[in-house]
Amino acid sequence: MRLAILVISAAFASAVDAQVPGTRMTVDVSVTSVTLRGDTTGVTYVLYNRPDSQDSLMMFAVDAPGHVTSITRPDSLWSADTLLYDVQPVAVWGILGLLAPAATAPSIAFESLGLPGIATTWAQGKWPMPGCCDDDPPPPTEDDVLATHSVTGKTVGIDPWPSDRSVQGLLARLRGLTQSSCGSTLLWITDSSVCTQLLADIDAAESYRAAGAFSQASETLDQFVSLLGSSSTSFSPGVTSSAYWLLRPNVDVIKSLL
Amino acid sequence: MGEHHSGRSTLVETVKASSSNKSVRLAGWIAQRRVFEVCGFLICCFASACRDALAPTAHVLPVAPVVRSVQPLPQSVAILPYTPLGSVPLATYDFVEGVLVEATIDGFVHVTSDPAAISVHANADVDYKGVYSFWQSGQCDWAATISSPQLSTPGFQACPSANPQYTQMPRWVDTVVLGGVGGNGTITARRSGGSGDPEYCPSGQPCHTVSGTQTVTLTPLPATIRLISDRTEIAPKTILIPDPFTLPINFTVSSTPGSYHGFTVPRRALSWQWIPASGDSALSTVSCTVPPPSYNSYGCAGYIYERGSLIVSARVNGVVQVDTMKVTGPEVRLNLQKTSMRPSTVTSKINDLQSQDVQVSVVDTSGQPMANKIVRISLIAAEGSAGHIHIDASKPKPTGTILTYFNTGPTGVVTLPYTAPEPSGPVSLKATSNGAGGVVKKIMIEVPDLVSLPAGADYGLVGSAEGMHTANHYATSTHIQMLQRLAAEFRKSFPNAATLKFNDSSLPSGGLFDASSLSQIDKRWQSPHLAHRQGHDTDLRTHDPDTGDLILTDAQKLRIWMIWLFVLPKAHPYQRILDHDTYPQGAPPHFHLSY
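Protein chains in written order, with our numbering: chain A, 1 to 258; chain B, 1001 to 1595.
Among the hints, erroneous ones may be present.
Some chain B residues judged to face chain A by a derived CB distance under 10 Å, without partners named [as the list claims (entries may be wrong)]:
1) 1232
2) 1234
3) 1566
4) 1577
Please keep in mind that the hints were generated in silico from the structure rather than gathered at the bench.
The C-beta atom is built at its ideal place from N, Cα and C for all residues, glycine as well.
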């Protein structure tokens, strides 16, 4: 598989304001690069705790259904773990020195077997550790500390390789990712005409592939990429960096198979 | 175990002890010791008895037959020469109490005297009494005697001092007690004589010429052990439980026959053992010890409060034998639902009382409950157990609760709730009723399956309190693994940091973990640790307890928090970490790790 390294600055806001300790903050999770190396994908993030946050960021987690093959931490005041949240593998960074409001964290990254996908994130602010009481009875229901004290969001993550790795299958998957990016939940692409054209390009590429016109299919996917932006640092209007870093590497994978 | 199934029909295991049979005696004792070690008492030649001895709940001891055949010590024979002052060994009875024997002296020695002799003129065959010599200040020359180191020989009086000064009986028989102690038990046949012998006549030759020999024979008399008491036997070798309990039963080793010709058969007790009929009861007090070898003892006074059997091992006329006395009668019964219970937990927020029903009755000898019997129950918690090494008579260990004085009512059976105490450790329920055997049942108050956190390179164990609790790191195996994983993960994150210091987890059997300092004597059996009872909690030091200084940085504390809550697998819904920054009052700040 062809190696592709893309570096760009991008950002999206994972902003949920709430009053639960640990969630009183807004953290921007920026994807600064997505790398494809063989069957492994790597994603690099930069975290920014907005000035209006009340809590300092203490922990950041990204689900990693394809399992984490490597994870990096900036320095000794960070921890980096791979753990199971319920049964789901998750990459977790601990900001042991805390990330105060208005502060930007150094880059963090992890790699996993799979392709860029849409992942859930948990950003947890510092909240006071309970001090009482030893003889408190267990809570009636399971106390999910991660869910209770975190702000959840979506970012570019890594999905495990799909079972259908054909061009046809990967085009179908790209179509689903594109629809999600254009959907109201993510709103990573806000220009509906761009969305329409992107989907049309995918459909055309699939038609060419089905007819055996692989070069036309590849050219169509190039048009798809150009709709996202002119380069990894210049995105089209209405297209966010998250949409770019989600879709562009997947197109590269498909093109390498044509 | 083969020796237990020899098929012998007698209860008595005999061990011969004689001068010619030392090896047999030694082997017998070794065999006895093995039997003791395996079965706990001597009568294991009965397969059923041995099986009962090994059973945990009850012993059914057969009553030894009153009349049994016991092989006495072997006969000893020696030829005593005519030589004055000569002697030959006969036997070794190295017993302080001696051996009752029938002694015989057969035959004559012949004495020929020179006419010039001034002392005696026998010129005849004489028996063991020899010839009385006036010249030698009235001694018996050439008399045969039997010499015993420490015991007298009541028979065989000295030779006659009046004419005739010798006798001519071909056989003399008497009953004598012979023996010694401490390796000085050799019995000898001796020829008499005096310091002036031989007497020389003017011819220059000895005045008296003696010839011939006599045969000396010792025949130990047979005797079978018989354990008796000062109570009436309601059946052979069976007596009733005393009523009231306050007087001891006096047991005595006797024999059948008890004497020969007016001499009591020698006997000495070697061991006493009380075997309760209901397992390991400790109600009765039969603590008769074996006296020193130089002291003869054949009695034992015991306070008997229950059914059972007394077993005595004794040497009777030189032969080690065993006998029993069965004590029977009505008895109190306690039927437990379980012998292991979890401790209760009572805090301001938890009221977890662990209880079980205990069925109480007084049954007659046929096992039928007896109506309207007064029963007392006392509870005894084993001090110094389950990790609580602090023992203070003014603050006894809690025992749990049960009704302690009641009537069994018309049905004869009462069911009572017993509630476990908060501290762990064995608790004995002792039930008594006048005229009936008592019973003791033990309940182990414990949180099962706790294991000790071993020493590790990534962590230190602290909090051991001398005189209070030194085994303070017991927990469930899951909790232990979590602590070890926490320390390892922490080490990976902070390789140069000081090792984590794990303070109190739980005690070896869980339960209340009370004051951990001797200075907190007023808080014994109280709960500075509200948790730490079930093996799911451990304290982790965050501050130096002496200086109050932080020993973990905020980053390190945060990492510990993350490891415990997120990195470690979820072991329990209540897996948590508490920051006792100022809690409880007076205690140094620490983390409290749960599950």
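Going through the hints against the structure:
1. The closest approach between the C-beta of residue 1232(B) and any C-beta of chain A is roughly 61 Å, which is over the 10 Å cut-off, so the hint fails.
2. Below 10 Å, beta-carbon pairs count as interface contacts, and residue 1234(B) has none with chain A, the closest being about 58 Å; its hint is therefore violated.
3. Among the interface hints, the one on residue 1566(B) holds; its C-beta lies about 6 Å from the nearest C-beta in chain A, closer than the 10 Å criterion.
4. Among the interface hints, the one on residue 1577(B) holds; its C-beta lies about 6 Å from the nearest C-beta in chain A, closer than the 10 Å criterion.
Going through the hint list in order, the structure does not satisfy hints 1, 2.
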